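Number of protein chains: 2
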Amino acid sequence: MTPVEEVLDALRCSGQLWEVAPGLVGLRGPALHLLQRIEERVAVLARGAAEEEWRVPPALSFDSLARSQYFASFPQWLTVASHLSADPAVLERVAAAEDPGLEVREAVTPPKVALAPAVCYHAYAGLSERTIDAGRRITLQSTCWRHEGERLCPLERGWAFTMREVVCVGAPEDVARFLEQGLTRIAGLAGELGLSIRLEEASDPFFAPTARGRALLQRVKGLKREVMVPLGGGRDLAVASLNDHEVHFGEAFHLRLPGGEPASSACVAFGLERLLLAVLVQHGLDAAAWPAALREEEGA
Amino acid sequence: MTPVEEVLDALRCSGQLWEVAPGLVGLRGPALHLLQRIEERVAVLARGAAEEEWRVPPALSFDSLARSQYFASFPQWLTVASHLSADPAVLERVAAAEDPGLEVREAVTPPKVALAPAVCYHAYAGLSERTIDAGRRITLQSTCWRHEGERLCPLERGWAFTMREVVCVGAPEDVARFLEQGLTRIAGLAGELGLSIRLEEASDPFFAPTARGRALLQRVKGLKREVMVPLGGGRDLAVASLNDHEVHFGEAFHLRLPGGEPASSACVAFGLERLLLAVLVQHGLDAAAWPAALREEEGA
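Residue numbers (my numbering), protein chains in the order written: chain A, 1 to 300; chain B, 1 to 300.
The following block holds chain A by itself, in its conformation from the complex:
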């Protein structure tokens, strides 16, 4: 077994982790306490880096996704939410069905909203049509959904997972300073969590037929960097990323600087379940061996 498989096996056997469908896991016991400590440390970092916090709606409009070019860029990951028909006759068939899951397929209405694949889209949508007088830094956390098919794996790659982000929207120099400071803060967090990290130039896995060299351009311009931690067995895991969007979202959501030009934006994103997995692989399942900042008495 790889180190990751060993951790997952131990979590499953002790009842600390369970799955209701591929990529949809629950947590309880010491592993949940650890996740809560990590969540708190990341929240402290994020609130220190941002002036404001938003609690975003649990779904995103198709319009916001379309403006972000999400359908063209990552349609393979998309997950949508649908309610059932309000027609009593249709609902009666669901209510009386021997296999309600089958009958639900007939009763479902066309989807009108998406379960957000990243939390920062909510920020650009929430600021849309605005003039950004001074750089704004916003933190947001939410459950995000990306269906990665066969690649789904508990904690490492969830269908649903928890993402904390800090977003900066402003002039190019605001964004550059934000990303610079983000690196320092991430180094501090890695120290607290006892994780040895490595920064890597990266690119997004754009949907091939429409990618048109976007991934290459992203790499050449150094727009995406991932924070990698070793998982053992020569494998690495990205637990956070720093993303420079240049004016992509500024143009898409009409975010303008006082002079009228489109605002720049960037985000720093943390995957909380991945941080949990990294800490467990690095330090083991015995709480006594976890870094002080993550032990029960510390965060109380």
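Keep in mind that a hint or two might mislead.
Treat identical chains as interchangeable: a pair holds within one or across any two.
As the list claims (entries may be wrong) - List time: in silico EDC-like cross-link candidates among lysine to aspartate or glutamate, alpha-carbon distance up to 20 Å:
hint : residue 1 : residue 2
1    : K221      : E180
2    : K224      : E201
3    : K112      : D63
4    : K221      : E200
5    : K112      : E98
6    : K221      : D133
7    : K224      : D204
8    : K112      : E19
9    : K221      : E201
10   : K112      : E150
11   : K112      : E251
12   : K112      : D99
13   : K224      : E19
Think of the hints as simulated: they come from the structure by calculation, not from any bench. Keep in mind that this is a model prediction, so the values were computed, not measured.
Once you have looked at the hints, place chain B on chain A.
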């Protein structure tokens, strides 16, 4: 305008509340800080009442819903999650579509999971096929989804909303004691939040064609009680409920007492956005007038 309309109007105008679709709201600014304080007070209460906490998966299997008789009882509220087809040709049409929202309807796969309409189903499913040696008390919090059509209203009745629950599974006397203590704890919370509450016998709005007198039976046996707060204009809002399920879930999920008979269960559930609305209607939008437990300096 009613007191609720006045609060919502002020939250919208000041940018503290926004909607991306009917019943899907975001919060920021003082209203979010207030919600976070309320969330924390409710979490303290819940953790005091439970021995364990679970973080549940963000969706529920159809099997768990079927076992709970949810499809027969409340099909009208159900919301499901679906990912798109993995077929590259289908995804290409989404990626290239002028109106991707329309093309998504063709690309969506049949739903396999539901967005949970209540968080406690996860607890019974997570304990299924278990013998309950001693009463177990578990607390869980999650986003829940109920599509109430025309009745959706920000904070009061969300398509998605945040529910904190404490669940008890055990012998009838465990459950009775749990509900008794729940009442005392709720009274304490109401004091902290400065809410005048009233307890009311209630029943669930079972889907009419399959209800078969279940609501009446619920009332006659006193199985459901709601914690009501005045909203002004003669209206009341249920901000919490106490629910005695007798052996319904014990039978459905094969939760057995040591003697072999089905376990009893009950839950106490809190609607966090409703508590926020109740506090805002009762105390107004000026933080200086909020109860001490909810002001910025208190929870820090």
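A quick look at each hint next to the structure:
no., hint, in the structure
1, K221 - E180, "within (16 Å within a copy, 63 Å between copies)"
2, K224 - E201, "within (6 Å within a copy, 57 Å between copies)"
3, K112 - D63, "within (10 Å within a copy, 25 Å between copies)"
4, K221 - E200, "within (13 Å within a copy, 63 Å between copies)"
5, K112 - E98, "between (28 Å within a copy, 16 Å between copies)"
6, K221 - D133, "neither (27 Å within a copy, 61 Å between copies)"
7, K224 - D204, "within (8 Å within a copy, 50 Å between copies)"
8, K112 - E19, "between (27 Å within a copy, 14 Å between copies)"
9, K221 - E201, "within (10 Å within a copy, 64 Å between copies)"
10, K112 - E150, "between (26 Å within a copy, 16 Å between copies)"
11, K112 - E251, "neither (24 Å within a copy, 37 Å between copies)"
12, K112 - D99, "between (26 Å within a copy, 12 Å between copies)"
13, K224 - E19, "neither (31 Å within a copy, 31 Å between copies)"
When the structure is compared with the earlier hints, violations turn up for hints 6, 11 and 13 and for no others.
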